[in-house]
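There are 2 protein chains.
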Amino acid sequence: MSLDNSVNGTTSSTVLNSSFLKAIVQQIRGQDTYGVYRNWSDELILKPYVVTKQKKREISVEGEVDPITQARIMGFYRAVAACIEQETGLISQVVVDLSHEGFGWVLVFSGRLLLVARTLRDAHRFGFDSLEKVAEEGVKLIEKGVDLAKRFPEVGKL
Amino acid sequence: MSLDNSVNGTTSSTVLNSSFLKAIVQQIRGQDTYGVYRNWSDELILKPYVVTKQKKREISVEGEVDPITQARIMGFYRAVAACIEQETGLISQVVVDLSHEGFGWVLVFSGRLLLVARTLRDAHRFGFDSLEKVAEEGVKLIEKGVDLAKRFPEVGKL
Chain A
1 MSLDNSVNGT
11 TSSTVLNSSF
21 LKAIVQQIRG
31 QDTYGVYRNW
41 SDELILKPYV
51 VTKQKKREIS
61 VEGEVDPITQ
71 ARIMGFYRAV
81 AACIEQETGL
91 ISQVVVDLSH
101 EGFGWVLVFS
111 GRLLLVARTL
121 RDAHRFGFDS
131 LEKVAEEGVK
141 LIEKGVDLAK
151 RFPEVGKL
Chain B
1 MSLDNSVNGT
11 TSSTVLNSSF
21 LKAIVQQIRG
31 QDTYGVYRNW
41 SDELILKPYV
51 VTKQKKREIS
61 VEGEVDPITQ
71 ARIMGFYRAV
81 AACIEQETGL
91 ISQVVVDLSH
101 EGFGWVLVFS
111 GRLLLVARTL
121 RDAHRFGFDS
131 LEKVAEEGVK
141 LIEKGVDLAK
151 RFPEVGKL
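Going line by line, the protein sequences match chains A and B.
Residue numbering for the first sequence follows this note's numbering, beginning at 1 and increasing consecutively.
Residue numbering for the second sequence follows this note's numbering, beginning at 1 and increasing consecutively.
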């Protein structure tokens, strides 16, 4: 693992302090019934979220999205939901609906309000250029969700 | 087919005039790329939506929900969406997310507004006691959706 970390020498420790990235790690550790990740560093847990353009090209988009990728997608959006909850108090549901071809929807909702509504395509390749990008995307979604929750509190609490 | 119709002698022609049931038939005929249902009566097309309690007990809830049942569920909720659209002008998306155990969510949304949000369980057994019940349930969901759309037009159009 230390080898893994040193190879990826570009990760600054600053980005690991991102509260969104911490929320992802928390989601993954929280689902870790068998203790697989118990001794893993946060950085190592987050690593699969970095999928470079080069790597993406190498991943086939044929067939079903494998369970590990599905779990990665879930972890990301559950973290978004958790961060929105922290700011607004709204407890939300995350629904990921993927067709066999990796197309689909991600919906995060509270009451009758959709806090996040995104279409996915090529979900097999879900990932970002860098951890900074992961954090950036997450924060964007959280801000939008929090904004909606504040604008339409009545709908969020239905 | 005429045999089938005559066996099920209890269906009154009145219920077949329900605009919701007509909307279901329209959905199914609209998806009928291969013309399977071309010569079927509306009644015959609607028949699989009637699943008596007795029949439900006979359907196993093990394993995946088969594609035909999934299509039946989709047809029902797409018809709900179409009827809401007719009354409100809001075009909506239907997302059905079923786990392998037949649990899941059905969501119908427009903009950031959830017009229908239902949990499903034992989806393998999706159906109703009678066609009257199908129509009744549909109308209930439509009324609720239309009501929400009218109360929160801004959210529905986001």
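Hints may be right or wrong, so weigh each one.
One copy or two, either will do: identical chains are not told apart, so a pair holds if it fits within one copy or between any two.
[Said to hold, decoys possible] As a list, the in silico DSBU-like pairs of lysine-lysine whose alpha-carbon atoms are at most 30 angstroms apart: (1) Lys157 to Lys140; (2) Lys157 to Lys47; (3) Lys157 to Lys144; (4) Lys140 to Lys56; (5) Lys53 to Lys150.
None of these hints come from the bench; they were simulated from the model.
Which hints, by number, does the structure contradict? Numbers 2 and 5, in rising order.
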